[in-house]
Structure formats: C-alpha cells, structure tokens
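Undergrad: First to last, the protein sequences are chains S and L.
Counting from 1 along the first sequence, just add 5 to a position and that's the residue number in my numbering.
Counting from 1 along the second sequence, just add 5 to a position and that's the residue number in my numbering.
These are computed hints drawn from the structure, not numbers from a lab.
Check the hints yourself; a few may be wrong.
Unchecked claim - Below, a list of computed lysine-lysine pairs in the BS3-like style, where the Cα atoms sit at most 27 Å apart: (1) S:Lys277 x L:Lys174; (2) S:Lys189 x S:Lys237; (3) L:Lys237 x S:Lys189; (4) S:Lys237 x L:Lys257; (5) L:Lys189 x S:Lys237; (6) S:Lys79 x L:Lys301; (7) L:Lys237 x S:Lys277; (8) L:Lys257 x S:Lys189.
Said to hold, decoys possible - Here are some, though not all, of the chain L residues that point toward chain S, as calculated from beta-carbon distances under 7 Å: (9) Asn233; (10) Phe270; (11) Leu271; (12) Gln320.
The structure displayed is predicted, hence computed values, not measured ones.
Glycine included, every Cβ here is placed at the ideal spot set by N, Cα and C.
Protein chains: 2
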Amino acid sequence: MKVVVDAMGGDNAPDALIEGAVQSLELSKEPLQIILTGDESLIKSKLNGKVSGLEIVHTTDVVSSDESPTSALKQKKNSSIAVGIKLQKQGRADAFISAGNTGAVMASSLFILDRLKGVSRPSLAAFFPTLREYIIVIDVGANTDCKPLNLLQFAIMGSIYVEYVLERKNPKVGLLNIGEEPSKGDELTREAYKLLSKSNLNFSGNIEGQDVLTGEADVVVCDGFTGNVILKFTESLRNLLLNYLRIYSRKKPRVKMGISLLTPFLDDLKNKLNYEEYGGAPLLGVNGISIVCHGKSSPTAIRNAIFVANRCAAQKIHKKIEKELRATS
Amino acid sequence: MKVVVDAMGGDNAPDALIEGAVQSLELSKEPLQIILTGDESLIKSKLNGKVSGLEIVHTTDVVSSDESPTSALKQKKNSSIAVGIKLQKQGRADAFISAGNTGAVMASSLFILDRLKGVSRPSLAAFFPTLREYIIVIDVGANTDCKPLNLLQFAIMGSIYVEYVLERKNPKVGLLNIGEEPSKGDELTREAYKLLSKSNLNFSGNIEGQDVLTGEADVVVCDGFTGNVILKFTESLRNLLLNYLRIYSRKKPRVKMGISLLTPFLDDLKNKLNYEEYGGAPLLGVNGISIVCHGKSSPTAIRNAIFVANRCAAQKIHKKIEKELRATS
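Given the sequences, and given the hints that come with them, work out the whole structure.
TA: Now the structure itself:
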C-alpha cells in the first residue's frame with residue numbers, strides 16, 4: 006500500500022515526520038511505500054540521499070496549527086494536507102496521515118474524500134492502553150454534540166476497526182455512561198442504549214469511568230467531548246507519574262535505589278501509557294483512510310501511525326464500514 | 006457543630022458509618038457532635054456502650070441503593086436519609102452525610118432543605134488529587150444536561166467551597182473544554198466561557214483533559230456527565246496501578262525488591278489516589294449542608310467526610326453562596 010505523510014504538520018515538522026517515514030520503510034513487515042507531501046527542497050535537505058520506496062510530492066502552502074479549518078480548505082488548495090488527501094482521491098495513494106491542524110485534516114478529508122453513504126457523522130477513534138490489551142474510544146473529538154444514531158454508528162465503525170486492525174473477533178462494545186443501568190445517564194445515552202441493544206453488535210451495556218482502562222470493552226462509545234477529555238486525561242498520566250517520581254526521589258534520596266531497581270517496570274508502564282506507541286486516530290466514516298496524529302508526535306508515533314494506516318488501507322476498512330452500514334440501515 | 010450521619014446507607018453500612026463517626030469524634034480538632042440516624046438497636050449493638058458526643062435518632066425505613074429517588078422520597082418518609090436531613094431543617098443539626106443512594110440523598114436534600122434563592126441547579130463538587138494540592142471538579146453527576154448559566158453558578162459555588170473549606174484565597178477557575186481557545190468546544194462551553202470571562206471570578210480560561218491532575222486550576226467546571234466520568238476514571242487509577250504492580254512483580258521476581266524499597270513512595274501515591282482520603286462530595290446550592298459519600302466508603306472516608314461537613318457547617322458556606330449569588334445576579 007502507498008501511505009501519504011504530511012511532512013509539514015505538527016510541532017516537530019518536518020523532522021519527526023521524515024524520520025518516522027524512513028523508520029517505517031525500514032521496519033515494516035508488510036509491503037509499504039510512502040509519499041511525503043511538503044516543501045521538496047526542505048525535505049530533500051533532511052534526507053541522506055534517495056530512500057527506496059519514498060517519493061516526494063512538492064506542495065507550497067502550509068496550514069498552521071491555529072488556522073481555521075474552513076479558511077485553510079478554501080485558501081490553501083496547494084497545502085501538504087489538501088494535496089496529500091487528493092492523491093488518495095485520484096487513486097495514486099491508499100491512505101493519509103498528518104500530525105497537523107486536526108480540524109483542517111478532518112474538514113479536508115470530509116470535503117475531498119466525501120463521507121461514506123449512510124454515515125451521518127465521521128468520527129475519530131483512538132487507542133487506549135488497558136491492563137489487558139489496547140481498546141479504542143470513539144469519538145475522541147470530531148463531534149461534540151451527538152444524537153443517539155451517531156453513537157450507534159460510532160459503535161459499528163469502531164467494531165470494524167477493532168476487528169480488522171487489532172484483529173479481535175466480535176469485539177465487545179460498551180456505552181460510556183454515569184451508571185450501569187439502562188435508565189441511567191442523559192437523554193443521549195438512554196436512547197443510544199436502546200439502539201445498541203437492538204443492534205447486531207456485541208453490546209455489553211453501559212460502562213462507567215472506572216471501567217475504561219480495565220479493558221472491560223474493546224470499543225468504548227461516547228460523544229466527542231467526553232472522549233476528547235478522557236483521551237487527553239489518559240495521555241497526561243505518564244508525565245504525571247514521571248513528575249511525581251522525580252519530586253519524590255528528590256525528597257527521599259534513599260528511595261532512589263528502589264526506583265533504579267524498578268526501571269524495567271517503570272519503563273514498561275511508561276511505554277504502556279505512551280500514546281506514541283499506539284499511533285494516530287483514524288477518521289472513520291469518510292471514503293478513504295485518513296489518520297490524525299498528535300501534534301507533538303515523535304518519529305516513533307509517526308512510524309506506528311503509518312503502520313496502522315497501512316493496515317487500514319490493506320483491509321479497506323472504509324469499504325467494510327460502508328457495507329456494514331448499508332446492511333444495518 | 007452537629008453532623009448527622011446516615012448509618013444505614015452504603016455498601017459497608019452500618020459498620021463503616023458507625024466506626025467513621027466514632028473515629029471522627031476521637032480525632033476532630035474542632036468542636037464536633039454526631040447524630041446517627043438508623044435502626045437504634047442495631048447501632049447500639051455495634052457500639053461499645055455510650056460514646057461521648059454521639060446520639061442516635063431511631064428511623065425505621067431504609068432506602069436501598071437501586072431504589073428510585075422519587076419513590077424513596079414519597080414512600081419512605083421515616084428513612085435514615087429523610088429524617089437525617091429533616092433534623093437540619095428543624096435546626097437540630099448543622100450538616101448531613103450519607104454513603105447511601107446518591108439520587109435519593111440529592112432529591113431529599115433538595116426537597117427538604119430547598120434550593121438557595123438564585124441557584125438554578127444544585128451540583129456536586131468532588132476533590133481530585135493533583136501534583137500540587139487538592140482541587141475540586143464541579144459538577145460530578147448532579148446535572149447531566151447543563152446550560153451556560155449553570156456552569157457559571159457551579160464556578161461561583163465551587164470557588165466559595167475552595168476558599169472556605171480548602172482555605173485558598175481567590176481560587177483559579179478553569180473551564181473543562183476540548184481546546185484552549187475561547188472558540189473551542191460545544192455551544193455550552195463557548196457560551197459559558199463568555200459568562201465566566203465577564204464574571205468577578207479568577208477565571209483562567211479553558212483547560213483540557215491533560216490539565217486536570219496537574220492542578221492548573223483550583224476549580225474545574227464542567228457538566229455533570231463529563232465530571233462523573235473523570236471522577237470515576239480517577240478513582241480507578243489506584244487499583245489499576247496496584248494490579249499492574251502485582252502482575253508485574255509476579256512476572257519479574259527480581260523487581261520485587263525494588264517494589265519493597267519503594268514502599269513509602271508507593272504508599273504515598275496510593276494515598277494520593279485514594280478518594281477515601283478526601284471525603285465526600287457536597288451538594289452545593291441547597292439551603293444547608295448535605296454531603297454524598299462513595300457507596301464503598303470505609304471508616305476513613307466517612308471520618309474525613311464528617312470533617313469536611315463540620316467545616317462547611319462552621320463556615321456556613323450555603324449562606325456565603327446565597328450572598329454571592331445575590332450580589333452577582
């Protein structure tokens with residue numbers, strides 16, 4: 006598959022993007038080609054000569070992180086984002102990833118690739134670490150105000166994503182709510198509960214805040230406001246733990262030895278809590294593969310997002326979503 | 006002050022409630038008296054004779070944890086909850102705490118004590134541990150669907166609570182949102198941002214999920230759905246860490262020594278993450294003091310909630326809230 010990487014987006018652009026792309030080509034176990042979109046001479050200056058499997062498509066506009074998505078879409082038709090997504094529309098690539106302006110990536114993906122037939126709202130699905138395996142939470146920020154039907158569709162799209170990308174059959178779906186009983190929650194969750202119960206999904210009922218990181222459900226469904234808050238909350242746990250250790254070892258030098266003995270444990274925990282390990286968030290519901298990465302993404306994060314994009318493209322998960330939604334509507 | 010403790014509510018009732026009440030009388034640095042409401046002979050059988058400062062008011066009805074709040078209110082007028090709250094209304098007590106049915110405690114508090122003049126929606130404020138000091142999040146579950154004015158009032162009530170109970174002058178208020186800029190979020194948060202900006206509060210703008218546990222704001226304002234999810238999420242971190250340590254030390258026996266050297270650090274972290282250490286959640290906006298505790302509360306949790314109730318009553322924070330709301334409306 007051919008994955009387009011926006012070389013100009015993100016806090017560490019273009020270095021982290023270029024480095025991540027090169028790493029992914031070196032380490033991929035699947036067939037993989039990369040197109041970098043961005044300033045060609047800048048990108049070339051960062052590469053040590055020609056890299057096998059890597060090409061560059063030169064673009065002139067750059068969308069900044071604080072730019073309005075609609076103005077970026079209208080005024081920057083030659084941006085690394087717009088051109089990158091168009092390559093997929095033209096059949097010259099299979100997937101797109103960007104660590105740039107999330108709103109602009111979402112708006113451009115929706116405008117250029119179009120939404121899949123039957124999808125009311127495309128949504129972002131993100132991996133979360135748990136005590137067991139990774140799970141996903143959907144939506145993590147594409148839709149702040151949702152209707153019950155949106156949540157049902159998030160559950161369908163998320164289940165397909167988990168089934169084909171995490172290779173887990175019949176994933177368990179949990180509805181994030183503030184009580185276990187079907188009667189609990191607000192109007193949105195009560196109505197969504199009914200729709201999910203009637204669906205063909207493996208719906209296990211409401212789950213509460215304390216159940217997210219235990220891995221009770223493979224797919225946690227919620228509105229994009231709540232999902233975005235808990236995504237960022239979870240991302241902050243790693244640094245909090247590190248800061249706390251730092252403060253504590255300063256106060257009590259005698260526990261420093263304990264910390265050094267625990268290095269493998271702490272490294273493992275830090276990795277588990279490191280969102281960079283588990284790549285970006287796909288925008289599910291558009292007619293193609295578009296993955297949004299964290300603005301602070303490192304080369305490792307980009308590399309892992311490229312692997313996820315490659316797998317999504319190979320599995321054609323957008324086509325699977327379209328087929329499933331047609332069957333259930 | 007005289008604090009009423011519902012002896013019949015919660016997973017560990019009546020033992021944890023009675024034990025917590027006795028501990029609070031032994032350890033309180035402030036003047037304190039306790040009334041236990043519940044089955045008098047049962048309570049007496051658990052006490053070792055008469056306890057100074059402790060009296061019992063016999064009640065016959067018990068509200069179960071899965072009972073509908075409205076039916077409990079209508080049909081169980083002689084419950085440990087209803088009678089306990091009425092004692093405050095009659096001027097025979099100054100505060101009420103319960104680890105029982107949260108909905109029933111909220112409904113009874115609202116019905117019996119009445120809402121304060123000018124308060125559109127009473128709300129629950131909970132302590133959260135941070136790297137620095139405790140902060141509060143308001144609302145954590147009383148109101149799932151909110152209007153911008155509600156969030157403004159949560160901020161006012163929460164600021165007073167932090168000022169007088171945590172003794173922190175001019176507390177910083179943060180609006181929980183999914184972006185830093187005023188234009189980010191849904192309609193609710195965008196409008197609430199405007200109201201908060203125009204208020205006399207020490208409003209520091211939007212804060213995101215990653216900022217909650219760093220202690221950026223002393224008062225984090227959000228709707229009760231989001232607040233409840235992150236409250237339970239945070240409460241789960243302690244057990245997750247413990248389980249993770251357990252799994253890991255089983256796998257790698259050689260890090261066991263490191264864990265034992267780190268015992269003081271881990272105990273400190275566990276305590277920080279232990280919601281039992283920081284008592285219950287007050288229902289702010291009613292004309293009195295009513296505190297909801299976690300259903301699983303231990304004697305320590307009850308003891309700390311009694312201390313918070315005692316301080317709220319001594320400071321008459323409901324009267325301060327009423328005065329402030331009158332001044333700002």
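Undergrad: Checking each numbered hint in turn, tell me which of them this model violates, lowest number first.
TA: 1, 4, 6, 8, 11 and 12
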